[in-house]
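A.B. asks: The residues making up each chain are set out below.
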Amino acid sequence: MKIHCKKKSNAVAFLFMLPAVIAVLFILVYPIIYGVCMGFTNRLFSYEAFSFIGIGNFVDISKDPLFFKAFKNTLKMVSCLVFFNTLIGFVLALLLNSSERYIGFFRTMFFMPWILPSAVVAFSFRWLYNDYYGLINHMLLRLGTIEAAVNPLAVENLVWPGVVIPSVWFSYPFVMLVMSAALKSIDRNVIDAARIDGASAWQIFREITMPSLRPTLVMLVILQIIWEFSSFDMIYLLTRGGPADSTLTLSLYIFKRAFEYKQIGYACALATVMFAVLSVFIFIYFRLSQRGDKDEG
Amino acid sequence: MSRSKRALLAIILIFTMLVSLTGCSKTAGGVDGGKKEEVTINFSYPPYGYDYEKEMAFWEKHISEFEKANPGIKVEFTVESWDNVYTKWDQALETGETPDLGYDCPITAVDYALQDKVLPVTDLVEKLGGAKAFNEGMQAFSANGEWYGVPHGDASMVLIYRKDILKAAGYDNPPATWDELVEIAQATNKDGVSGFGFFTGDGYQSSQVLTGLMMAAGGNMIDKDGNVALDSPENLKALELVDKLYNQMKVVPESTVTWEHSDPANAIGLGKVAMSVTWGGYGTLLKDMFPEEYENIGFAKLPNGPSGHSGSWSGTGGFFIFKDAKHPEEAKKFVEFMSKPELSKEWAMISGNVSPFVDITNDPELTKHEWYRAMQEQSPTQITLGWGHDIIPGDYMCDTYFAQAMADVTVNKKTPQEALTKLHQMVEKTIQEANAKK
Chain U
5 MKIHCKKKSN
15 AVAFLFMLPA
25 VIAVLFILVY
35 PIIYGVCMGF
45 TNRLFSYEAF
55 SFIGIGNFVD
65 ISKDPLFFKA
75 FKNTLKMVSC
85 LVFFNTLIGF
95 VLALLLNSSE
105 RYIGFFRTMF
115 FMPWILPSAV
125 VAFSFRWLYN
135 DYYGLINHML
145 LRLGTIEAAV
155 NPLAVENLVW
165 PGVVIPSVWF
175 SYPFVMLVMS
185 AALKSIDRNV
195 IDAARIDGAS
205 AWQIFREITM
215 PSLRPTLVML
225 VILQIIWEFS
235 SFDMIYLLTR
245 GGPADSTLTL
255 SLYIFKRAFE
265 YKQIGYACAL
275 ATVMFAVLSV
285 FIFIYFRLSQ
295 RGDKDEG
Chain B
288 MSRSKRALLA
298 IILIFTMLVS
308 LTGCSKTAGG
318 VDGGKKEEVT
328 INFSYPPYGY
338 DYEKEMAFWE
348 KHISEFEKAN
358 PGIKVEFTVE
368 SWDNVYTKWD
378 QALETGETPD
388 LGYDCPITAV
398 DYALQDKVLP
408 VTDLVEKLGG
418 AKAFNEGMQA
428 FSANGEWYGV
438 PHGDASMVLI
448 YRKDILKAAG
458 YDNPPATWDE
468 LVEIAQATNK
478 DGVSGFGFFT
488 GDGYQSSQVL
498 TGLMMAAGGN
508 MIDKDGNVAL
518 DSPENLKALE
528 LVDKLYNQMK
538 VVPESTVTWE
548 HSDPANAIGL
558 GKVAMSVTWG
568 GYGTLLKDMF
578 PEEYENIGFA
588 KLPNGPSGHS
598 GSWSGTGGFF
608 IFKDAKHPEE
618 AKKFVEFMSK
628 PELSKEWAMI
638 SGNVSPFVDI
648 TNDPELTKHE
658 WYRAMQEQSP
668 TQITLGWGHD
678 IIPGDYMCDT
688 YFAQAMADVT
698 VNKKTPQEAL
708 TKLHQMVEKT
718 IQEANAKK
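Protein chains in written order, with our numbering: chain U, 5 to 301; chain B, 288 to 725.
Source of the hints: derived by calculation from the structure; they are not laboratory data.
Just so it is clear, the structure is predicted and the values come from calculations on it, not from any experiment.
The hints are all genuine.
Chain U is faced by these chain B residues, among others (derived, beta-carbon under 8 angstroms):
#1 Asp377
#2 Glu381
#3 Gln402
#4 Asp489
#5 Gly490
#6 Glu541
#7 Ser542
#8 Thr545
#9 Ala554
#10 Lys559
#11 Met684
#12 Val698
#13 Asn699
#14 Glu720
#15 Lys724
DSSO-like mimics (lysine-lysine), calculated; alpha carbons at most 30 angstroms apart, straight line:
#16 Lys450/B to Lys477/B
#17 Lys709/B to Lys76/U
#18 Lys355/B to Lys627/B
#19 Lys76/U to Lys700/B
#20 Lys76/U to Lys701/B
Glycine residues also receive a C-beta, built at the ideal position from the N, C-alpha and C atoms.
In isolation and in its complexed conformation, chain U is listed as follows (with noise of 0.2 angstroms):
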């Protein structure tokens, strides 16, 4: 009778699961799958006739400079938007981390650039580094600081710092925000009994907060680097890749490939050679979550 109510109540449950899983199925693994299978093919977008070419993509792909390019250039925007993304909100958190009245009006501005959407920032950016009518160039003409109006996103020596600075203004309140709920949880009291033991703000930081805060630092700096990897967005609408695909990543690239050239197929294979790097990344943040749980079990 038990082992009848238990088969009909797991019977039941899967019916309730079935049109989650019915969604997943088709939204996410299917159009993975299908992803991967068109990576072996030479398929041109709106052409319906195409055949399958093994490996072919995968062996253009070795020898495609530019898709070396566009992995270096991503990896340096990760390590640049991870870098300063954590640095700022870190920083910005240990110094709101205090219980006085004002100190919410100041989380709350530095949180506004996170609620913007990502095409406001981009092109409210683009506005201010114009050279004709953009307010940097203005004031920096006025005080004397140069000769002549430059748009970095013009120049290849400036491009970098001229996506770096947007696209970190938007992205540091997230970390932010999580820094500051992980100070949060420190118990205080461990932090009182060192301070009547006489330990200084360093020591504290160094002996309490820093080994406290570093299980969240580590995940917080996974998932940057797995959002930023396949970050598309702001690099798209600040530069295109450009100037001479100094600005180009991997996902633009594989963008460009599509949508640009036409070019379903190898546009799919980079997709599938971009899955499996990241897949490194996820599956380094499901062993620290596990590794985390257990911790805490």
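Dock chain B against the given chain U, drawing on the hints supplied.
C.D. replies: Same frame as chain U, but now just chain B:
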């Protein structure tokens, strides 16, 4: 879980399913009581005008008039973004869920037609007067004896310039030849003003500028035998001109690699460049954008190249009907309605395009505007991808390579010959691949 909570959950689930089923079963044009079945035409339109408010007012007004004159037909009008309209159409073609009507230049309509994705509209063009009713450049909407688009607005890139800056440098007229262009660009490149600005990045607008220069140089993209003919001395001259202006004389602002859409018009209005290349239709907008400077802004046909004639990209817009259209006959009715002569004249003024109809194009109300005259004069030398031959499969996909060639010379500092050789190879490969899938 308590009994009452389980009951509540069951009710919510049943309600959700019922709502989903009702939503899924709803179809457009369903029969209701004794009413006639209503048909909805989906019209997908990337903006071909420059003043968004006036443009939208035009379409909304005349769509409303069409619907009143044709009870039972509704027009669902979707304004697309130029940044994603082609992606959207390509995706729609993949799924078979296309709009009924699209609107774009000849290369799009004919390339889709060559893939059997667009219906011929020869009968409609004949109704409107046939080929002889339209300006010469409008023939690009036809291929293999059939028309695949109904021309609606004739548009080209033209020269836009600051009369005051040229006059201050001793020039009363805009350049008529490439040599004059180089001379005037050099003479006006001073005191914070650049002599000549044009799209130099790897965006599609650069492709449009470069193809116009190649046409003016006397080059072709495809020869009469259907072979790629880009690597020619004539096309090389076009890239050499770009190299001369950008790299050697440095009369082109560095920031042009980031230019998009209205940047040339802004640069002219602000007096930051003496001359630029952009759509003549900006003439409808510049008076509002720069009212104090408008009298100093001039429009002219692009200078003649070594071939002795000018060359410009065709931004001509026309209606085309997707093969998977659910209501092609109703779509044709709508196109016929929108092609009426009085509407064509109104559209020309609002959109900043030349009327495609021979009978209307020289209307004094239109030709009194300098921007209109410039585009009218430019019209016979406008080209589209695949010029030199009828459009063939793959032409449409080569846009990016021309833009890349421009960026190769300007930003990547390749020699014109290197850039041209690469362009020729990439275009040849693409056309071979596309033709293999015919």
